[in-house]
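Make the full structure from the sequences, and use the hints.
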Amino acid sequence: METVRVERGTRASRIFALVAVIALAALVALPWWGDAGDMRLIAEMAYYLALAQLWNLLAGYAGLVSVGQQAYVGLGGYVLFYLTGALSVNVYVALLLAAPFAGLLSIPVSIAVFRLRGAYFAVGTWVVSEVFALAASLIPVLGGGSGLSLTPDIMREIAPDRADRDMILYLMSLATAVVVFAIAYLLLRSRHGLALTAIRDSEPASASLGVNTFRTKFIIYIVTAMCTALVGGLIFLQKLRISPEAGFSINDWTVVVIFMVVIGGIGTIEGPFIGMLVFIVLRELLADYGSYYLILMGAIAIVVMLRAPSGIWGWVSNRFNIQLFPVGRRLALVDWLR
Amino acid sequence: MEWLNTFIQGSLLGGIYALFAIGLSLSFGIMRLVNIAHGDLIVLSAYVAMVIGQGTGLDPISCLVIVVPLMFALGYALQRGLLNQTLSGGLLPPLLVTFGISIIIQNGLLQVFGAYTHRLQEGAIETASLQFPGGILIGVYPLVVFGVALLALGSLQLLFYRTGLGRAFRAVSDDADTAELMGVDNRKLYAVALGIAMIFTAIAGVLFAIRTNFDPAAGPIRLILAFEAVIIGGLGSMWGTLIGGMVLGIAQAVGAAVSPTWQILAGHIAFLIILIVRPSGLFPRTRD
Chain A
10 METVRVERGT RASRIFALVA VIALAALVAL PWWGDAGDMR LIAEMAYYLA LAQLWNLLAG
70 YAGLVSVGQQ AYVGLGGYVL FYLTGALSVN VYVALLLAAP FAGLLSIPVS IAVFRLRGAY
130 FAVGTWVVSE VFALAASLIP VLGGGSGLSL TPDIMREIAP DRADRDMILY LMSLATAVVV
190 FAIAYLLLRS RHGLALTAIR DSEPASASLG VNTFRTKFII YIVTAMCTAL VGGLIFLQKL
250 RISPEAGFSI NDWTVVVIFM VVIGGIGTIE GPFIGMLVFI VLRELLADYG SYYLILMGAI
310 AIVVMLRAPS GIWGWVSNRF NIQLFPVGRR LALVDWLR
Chain B
129 MEWLNTFIQG SLLGGIYALF AIGLSLSFGI MRLVNIAHGD LIVLSAYVAM VIGQGTGLDP
189 ISCLVIVVPL MFALGYALQR GLLNQTLSGG LLPPLLVTFG ISIIIQNGLL QVFGAYTHRL
249 QEGAIETASL QFPGGILIGV YPLVVFGVAL LALGSLQLLF YRTGLGRAFR AVSDDADTAE
309 LMGVDNRKLY AVALGIAMIF TAIAGVLFAI RTNFDPAAGP IRLILAFEAV IIGGLGSMWG
369 TLIGGMVLGI AQAVGAAVSP TWQILAGHIA FLIILIVRPS GLFPRTRD
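Each protein sequence line maps, in turn, to chains A and B. Under this note's numbering, think of the first position of the first sequence as 10, with each following residue one higher. Under this note's numbering, think of the first position of the second sequence as 129, with each following residue one higher.
Take these hints with a grain of salt, some might be off.
Restraint ranges, calculated between C-beta atoms of paired labels, are given here [said to hold, decoys possible]:
1) A:A216 / B:I404: 16 to 26 Å
2) A:S155 / B:T291: 52 to 62 Å
3) A:L295 / B:K316: 34 to 44 Å
4) A:G18 / B:R315: 38 to 48 Å
5) A:S211 / B:G185: 56 to 66 Å
6) B:R315 / A:V290: 48 to 58 Å
7) A:R224 / B:D313: 58 to 68 Å
8) A:L50 / B:T184: 41 to 51 Å
9) A:V102 / B:D303: 51 to 61 Å
10) B:G262 / A:L249: 20 to 30 Å
11) A:L27 / B:K316: 54 to 64 Å
12) B:I401 / A:A216: 48 to 58 Å
13) A:V102 / B:I404: 46 to 56 Å
14) B:L271 / A:V102: 56 to 66 Å
A few chain B residues facing chain A, derived, Cβ under 8 Å [to be verified]:
15) V162
16) L215
17) G217
18) L220
19) P221
20) L224
21) V320
22) G323
23) F355
24) I359
25) I392
Covered stretches of chain B (in silico footprint by chain A; criterion: 3 or more residues with CB under 8 Å from a CB of chain A, positions within the stretch not fixed) [said to hold, decoys possible]:
26) 334-343
27) 393-405
Everything labelled a hint here was simulated from the structure, so no lab data went into it. Ideal Cβ positions, reconstructed from N, Cα and C, are used throughout, including at glycine.
This is the structure:
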C-alpha cells in the first residue's frame, strides 16, 4: 500500500493560482476602468517583471551572473526599428524577429564570454554590451549616435487611433510578462528545470551526478537572450525612439533589474515579482528627489545580500513554508497515516 | 614612422590602464574579490582630489599626499566593515555588494556634484613634449604616467617578495585556510590589501583626471578598461597587467588612427579576440 505520495501543488499554491487569475483578469480589463497613466505604469511593471524573471533564470538558477543583458534589450529595439523603418517589415513580424536574431547573435557571444567564470563572466558580458552600443553608434543605417525613431505610419499599423494603440501595447506588455513567467515556470518544472535547480544549489555536485552543466547553461543563455530581445523590442515600441545610450543602458535594463531580483529573492520564481514591487514603490515615493531611489535600492540590496541572501521571498517562504509556484516536489503522507 | 608613432603612443597610453588595473588585480590576487566598484573608486579619488585642491589651493599631484591616505582608510574600512562578510558565501555576495557600492558612489557623486564634467589642472607639464628624430613627439605627461606605473609595479614586487607582509599576502593567496592556521589574521590582512589596492586606485584616479574629463558616470568604463588589461595580461600576474594595459593601449591607438570613433571599440575587440584565442591571458599566474 502506498504510504506517501509525491505532490507538487499545495493548498497555498492553489489559492494563489485562483487569486492570480482574478488579478490578471482585472488587469486585462484595466483599459476599461483605468486611465492612460495607470496603463503606462502597469505596462512598465510588466516589462520590468519580465526582465527580472529572465535575469533570475540566468543568474539565480544557471549561475550566469550577467551584467550585460542590456545588450539584448537594445538589440531587440534596434532590430524592430531597423526592420520596420528601413525594410518596411510589418511591426509585429519585426517584433517577433527580434528573438531569433538575438538568439543567433548570442551564440558567438557565448563562445567568448563562457570562457570567463564567475565575476569575470559578469564583466565580460558588460564588455559585449559596450561593443553592441559602440557598434550601433558606428553603423550609419542605425542612425549613429542619435539613433532611430518610429514613424507615425508604423505606429498606425498597430492601430490608427491613439487610444486603441495604447490599449494594444498595454495588453502586449501584460502578455509578455505572463508568457515569460509561464516559460520560467514550465521550464523549472521540466527536467531541464531539475538540472537548473541542481546547478543553482551546487554546480560541482550536479555535474558529478550527470547534469550536463555546460549545455544547460548554454541553452538558458540563448533562451534568455531571445526573450530579453523580445521584451526590449516591446519597450522601445512604447518609447518610439532608440539611441545607443538609451538602448544599451546598463542602469535602466540591468542594474535596477539585478537589485529587484536580489531584494525579492534570487533563485525563486516569486522573488522578481516582490522585488519589482519594491522598486516601483520606492521610485514613485522618491520621485521628487532625483536618483536617491537608486542609492536606496543599492543600499537595500547590499543589506539583503549580507543579512538575508535569499531575499524577501526566500525569507517568507522559509518562515511560513509556502511556495506559490510549485516547481519543487514534496512528500505528503496519505490521509490514514495522519 | 607613422606606425612606430602609433605603437609608442599606444604603449604609453597603456601606462594609465596598467595603473587602473593594479588595484583590481591586487584584490583579485589576494582575496579573489572582483571589485565592480573599482572604476567608481577611481573617479571618487578624482573628486576627492578636486575638493581638496579647491580647499587648499594645492595642485592635483600634491593633493595625493592627502588623497592616498584617505583612500587607504576607505579601502580598509570597506573591506573590514562590508566586504569581509561576503567572502565565504560564494560568487554572488561580493559581486552584488560591490555592484551596490558602485551604484551608490555614482549616484552619490551625481547628487553632490551634478552631472558636470570636470578636469584637474596640473599646469605646463600637461602639454610639454619631447621631440625625437623622425618627427615623433612624445608627451612628457604620458611618459611620467608610464614611469609611475613601472614604479608602482616595482614597489609591489618588492612588497610581495621582500617583506613579511608580502609573504603573508602570498600565503593567503595560495591557501587562505592554511595561512590562517599559521597565525595570519586573514580579515585584517584583507583589509590592508584593499587599502593598498586603493593607494594605487587613488594615484590612477588623480593621474587620469589630469588628462581626461570626468563626471559621476565615468567609473564603469574605467572598470572595464582595468578588467580588460587584467584579463589580457593574465589573471594574477602583476607585470602581465602592464603588458595587458599596453596591448589595450596599442589596439586603441591603432583604432584611433583608423578613425577616432573606433578607439574604444578597437580595444574591446582586441580583448575579445584574446579572450577567444588565449582565454587565460598572455601571462597567467593564478587560477580561480
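Verification of the supplied hints:
no.	hint	verdict
1	A:A216 / B:I404: 16 to 26 Å	holds (24 Å)
2	A:S155 / B:T291: 52 to 62 Å	holds (55 Å)
3	A:L295 / B:K316: 34 to 44 Å	holds (38 Å)
4	A:G18 / B:R315: 38 to 48 Å	holds (46 Å)
5	A:S211 / B:G185: 56 to 66 Å	holds (58 Å)
6	B:R315 / A:V290: 48 to 58 Å	violated (37 Å)
7	A:R224 / B:D313: 58 to 68 Å	violated (44 Å)
8	A:L50 / B:T184: 41 to 51 Å	holds (49 Å)
9	A:V102 / B:D303: 51 to 61 Å	holds (58 Å)
10	B:G262 / A:L249: 20 to 30 Å	violated (54 Å)
11	A:L27 / B:K316: 54 to 64 Å	holds (56 Å)
12	B:I401 / A:A216: 48 to 58 Å	violated (29 Å)
13	A:V102 / B:I404: 46 to 56 Å	violated (34 Å)
14	B:L271 / A:V102: 56 to 66 Å	holds (57 Å)
15	V162	holds (3 Å)
16	L215	violated (11 Å)
17	G217	holds (6 Å)
18	L220	holds (7 Å)
19	P221	holds (5 Å)
20	L224	holds (5 Å)
21	V320	violated (22 Å)
22	G323	violated (20 Å)
23	F355	holds (5 Å)
24	I359	holds (7 Å)
25	I392	holds (6 Å)
26	334-343	violated (count 0)
27	393-405	holds (count 7)
In summary, the numbered hints that this structure violates are 6, 7, 10, 12, 13, 16, 21, 22 and 26.
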